[in-house]
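Start from chain A and add chain B according to the hints.
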Amino acid sequence: MKPRIPLASIVVLSLVLASGCGGGDDSSAAGAATAHGAINVWLSNNAQEVAWGKQVVQAWNAAHPTEKVTAQEIPAGSTSEAVISASITAGNAPCLIYNTSPAAVPNFQAQGGLVPLDDFADGTSYVTARSGESAAQYKSPDGKFYQLPWKSNPVMLFYNKKEFAKAGLSTTAPPLGTYTDFLATSQKLVSSGAAKYAIFPSPSSQFFQSWFDFYPMYAAESGKQLVVDQKATFDSDQGRAVSGLWQQLYAQNLAGKEAYTGDAFADGTAAMASAGPWAIAAYKNKVDWGVVSVPTQAGSAEGQSTFSDAKNVALYTACANRGTAWDFLKFSTSKEQDGKLLEMTGQMPMRQNLAQEYPAYFTANPAYKVFAAKAAHVVEVPNVPASVEMWQAFRDSWSNSVIFGKEDPNKALADASAKINNLVK
Amino acid sequence: MKTRVLGRQPVGLLLSAPYAVFVAAVFAYPLGLAVWISFHKYIFTAPGVSVPRPFVGLDNYTAVLTDPAVRRSFLNILIFLLINVPLTVGLSLLLATALNAAIPFRTFFRVSFYVPYVTASVAVVGVWLFLFGSGGLVNQVLGGAAPDPSWLINGIWAMPSIAFYVTWKQLGFFILLYLAALQNVPKELYESAAVDGASRWRSFRSVTVPGVRPATTLVTLLAIITGANLFTEPYLLTNGGGPSGKSASPVLLMYQRGIEQGHPDIASAIGVLLVVAVLLIAGVQRLLERRQA
Numbered sequence: 001m002k003p004r005i006p007l008a009s010i011v012v013l014s015l016v017l018a019s020g021c022g023g024g025d026d027s028s029a030a031g032a033a034t035a036h037g038a039i040n041v042w043l044s045n046n047a048q049e050v051a052w053g054k055q056v057v058q059a060w061n062a063a064h065p066t067e068k069v070t071a072q073e074i075p076a077g078s079t080s081e082a083v084i085s086a087s088i089t090a091g092n093a094p095c096l097i098y099n100t101s102p103a104a105v106p107n108f109q110a111q112g113g114l115v116p117l118d119d120f121a122d123g124t125s126y127v128t129a130r131s132g133e134s135a136a137q138y139k140s141p142d143g144k145f146y147q148l149p150w151k152s153n154p155v156m157l158f159y160n161k162k163e164f165a166k167a168g169l170s171t172t173a174p175p176l177g178t179y180t181d182f183l184a185t186s187q188k189l190v191s192s193g194a195a196k197y198a199i200f201p202s203p204s205s206q207f208f209q210s211w212f213d214f215y216p217m218y219a220a221e222s223g224k225q226l227v228v229d230q231k232a233t234f235d236s237d238q239g240r241a242v243s244g245l246w247q248q249l250y251a252q253n254l255a256g257k258e259a260y261t262g263d264a265f266a267d268g269t270a271a272m273a274s275a276g277p278w279a280i281a282a283y284k285n286k287v288d289w290g291v292v293s294v295p296t297q298a299g300s301a302e303g304q305s306t307f308s309d310a311k312n313v314a315l316y317t318a319c320a321n322r323g324t325a326w327d328f329l330k331f332s333t334s335k336e337q338d339g340k341l342l343e344m345t346g347q348m349p350m351r352q353n354l355a356q357e358y359p360a361y362f363t364a365n366p367a368y369k370v371f372a373a374k375a376a377h378v379v380e381v382p383n384v385p386a387s388v389e390m391w392q393a394f395r396d397s398w399s400n401s402v403i404f405g406k407e408d409p410n411k412a413l414a415d416a417s418a419k420i421n422n423l424v425k
Numbered sequence: 001m002k003t004r005v006l007g008r009q010p011v012g013l014l015l016s017a018p019y020a021v022f023v024a025a026v027f028a029y030p031l032g033l034a035v036w037i038s039f040h041k042y043i044f045t046a047p048g049v050s051v052p053r054p055f056v057g058l059d060n061y062t063a064v065l066t067d068p069a070v071r072r073s074f075l076n077i078l079i080f081l082l083i084n085v086p087l088t089v090g091l092s093l094l095l096a097t098a099l100n101a102a103i104p105f106r107t108f109f110r111v112s113f114y115v116p117y118v119t120a121s122v123a124v125v126g127v128w129l130f131l132f133g134s135g136g137l138v139n140q141v142l143g144g145a146a147p148d149p150s151w152l153i154n155g156i157w158a159m160p161s162i163a164f165y166v167t168w169k170q171l172g173f174f175i176l177l178y179l180a181a182l183q184n185v186p187k188e189l190y191e192s193a194a195v196d197g198a199s200r201w202r203s204f205r206s207v208t209v210p211g212v213r214p215a216t217t218l219v220t221l222l223a224i225i226t227g228a229n230l231f232t233e234p235y236l237l238t239n240g241g242g243p244s245g246k247s248a249s250p251v252l253l254m255y256q257r258g259i260e261q262g263h264p265d266i267a268s269a270i271g272v273l274l275v276v277a278v279l280l281i282a283g284v285q286r287l288l289e290r291r292q293a
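For the protein sequence lines, the chains are A and B, in the order given.
Take the first sequence: its position 129, counting from 1, is numbered 129 in the numbering used here, and each next residue is one higher.
Take the second sequence: its position 43, counting from 1, is numbered 43 in the numbering used here, and each next residue is one higher.
Think of the hints as simulated: they come from the structure by calculation, not from any bench.
For clarity, every value in this text was computed on a predicted model and none was experimentally measured.
No residue lacks a Cβ here, since even glycine has one placed at the ideal position from N, Cα and C.
Mixed in with the good hints, there may be bad ones.
Going by beta-carbon spacing under 10 Å, a handful of chain A positions derived as facing chain B [stated by the list, open to error]:
# : residue
1 : Pro106
2 : Ser205
3 : Asn253
4 : Thr317
5 : Val388
6 : Gln392
Looking at chain B on its own, in the form it has when it is part of the complex:
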């Protein structure tokens, strides 16, 4: 009886317990609490302070969905993902393939791509402000072709600029994932392709791309998740989601509503919707990948 309750390997329970507790405390509890808060009128209070926290049904969700700023932030993040995710996957795979080959200064290039990833956004944002400011290097090179207003205060270009910045900043990490995956692609496949007369491009498409498909799934998912949680870049690069909210992200609004303005109930509703949206996008992406496979 005791064995049945604790399973066939009771020691396994003991070994997995710390992680289960960690998941429950750090992930499940906050998530459950956030969902609970989103259905109540809620403010954070000092311990011992009792305030009414009535159930309000879908009121917070109605408030969020009828708020043009929130709707705009979800559109912004969709624009961001449409640019950032394909660019991240494409560039990191291409660069990883190049860095996996016997090229001169390989270690130097590997480190160079990784440095932006390990550098704090706050520090590198200054460089991008210098590059993409109205009198910045990019506009000086473009001359008359530079957008007016300049990139970061242009309603059309602000979000794509952030997407390019994040792609550049995170590329090193995703290249690393692909580099690891490339070690598992059998060399014999490349040799066979060469014997069959495949060009380098053909070999890349028919051997490398299918060979690193699990890594592509991981890279895509991580890019979607980190992209959906965008905060620092619109906060610093575009003056807090400007111009006129054209680069505001849902997480930036969660910070404003929940932390600055003291409405964790509204912030939680935005958060829950964001989780649902990310799950939906990730689900669609998985379906598409399965069909391709």
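Isolated chain A, as found in the complex:
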């Protein structure tokens, strides 16, 4: 009789191994909290951020030869969040990641991948002293900070002055304040042939795409997060007004519905784009642009909110030398390094009184002033369990009703609201 390894045995062995998963001890974590030594950090793959990261690491290493920091870009993957989640599971996450999406924090926290910054003696005070009241939006439901609010990209409305002029529209005070103005301007831009589309946010069904069409306008209209006190807020007059506007834009083909491989604003296909200050460098020498606040029903007003599009820094539990990681986190978010971040990337450090802190920069770079003013009025994604699932539910509903017109948007908002209430309760 031939000896064989039956498939069933392999499967049974697999099940036994699988059932043993999830064990282990966390005794090493206690020692790591105060330990000092070499650490590694991940940066976003944005060229300017990489340059900023290199200089901050160099400055740190020069002053701390025994606590060497090594930086690298986040490894390639379909999304940064997928890569970070996999690294948490594998236990090889770095100490700090300077590109942690607030929407992903609840998942990373549930995975046991994040260190609450409150564990450090000066953790809470440092976060709140640096970011002020806006830091509260980044607290997790258990009241702790699992992320340091690092930088925001307040979303505003860029417009192409050349195309506006071609459509006979003012390039210095474009009629974009109210929904009525915005719609009429969009119609004029397209009917005049100035641009193929008035605006072209990605129509993709990825969960985060609503941050660049619905959410900035909803934040401006209501000043609220998508969910407050475990209740969805958007099944409201304000939510319905925003979705009504976008429904008309799509129904009249003023906004593109198809996938687009390039940047529709940069190549002139769309006359407007909703983006943060990162776009200033991206559109330099490509588009003669102007920028205004996103519209509201009653008209743009000073101090109106917008979506933050923030990226934060989190400290990961795989870190063996958390003492150094915390010190480096404070060093890299000091007033000096925040100033360098502003200079090198144009993104807004989440620091109180930004314009007053760096007056020379904003005098030399007036284009960024409006973003600095807006940075004080940002609305973040809600820090709730099932955050990504919640945004996906919203996006699916938005795609079906607003973009593709297969369902009444008001009913879709009501259904999405009920589903999200169920998810976050």
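Showing chain B alone in chain A's frame:
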């Protein structure tokens, strides 16, 4: 006794051990783990983090089967397979037969058909967006006959468009399989058929088709398996399974649920159902082929 335990050829065990370990580690263990996960409430955690992972019976399967998006994705993949598999088999056999004949520029054509296969989907998707976009070349040629909304955002045409794209992209590989199989069809059979007065079409049906039947089985199976694992194309070509989920695939939903949303238990249940569905389809296909043979 020792010989009986290790079999008549103990060296054989040694030689086959690396592959057995590979299969166990890379195939059997993940498959077993996926099945185990699908019956538990499960999240991926950092090493050393202990969370309860209770047995939940068929709860994950119930959640999956009552989710309209998942049901729609299985219907989508069925539509995809019904278009892609027959097209793949038919076109690759026809083109392989043509490329096997003494035609001018044969090498050029062989390379041309193979290039899309070896090119990353991400790169060639742009070409299809250009061709099948609302202002694309195809719609310009069709004029008033073009669908509205355009192909990739049309609820009826989105999935067939993906099926055509995948057929085109993978054709080179399947042509290669058929070309290899055609070398094994004895030339005498074609000569006999010619002597009997068979036309080219008759010769193709009565000599070529039966002669490459094992290759057809392989091509069909591979087309079903790769088709069922569809991910990149709906992710890139139709904006992540749009419009309104009409081109979402089960694997795309597995990615959303398991990786993005942190529900590997739900994703595993979808995966297990997909494996079962593929095995069933492949089984039916084998049965039909045996009957034909």
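Checked against the structure, which of the hints given earlier come out wrong? Every hint satisfied by this model.
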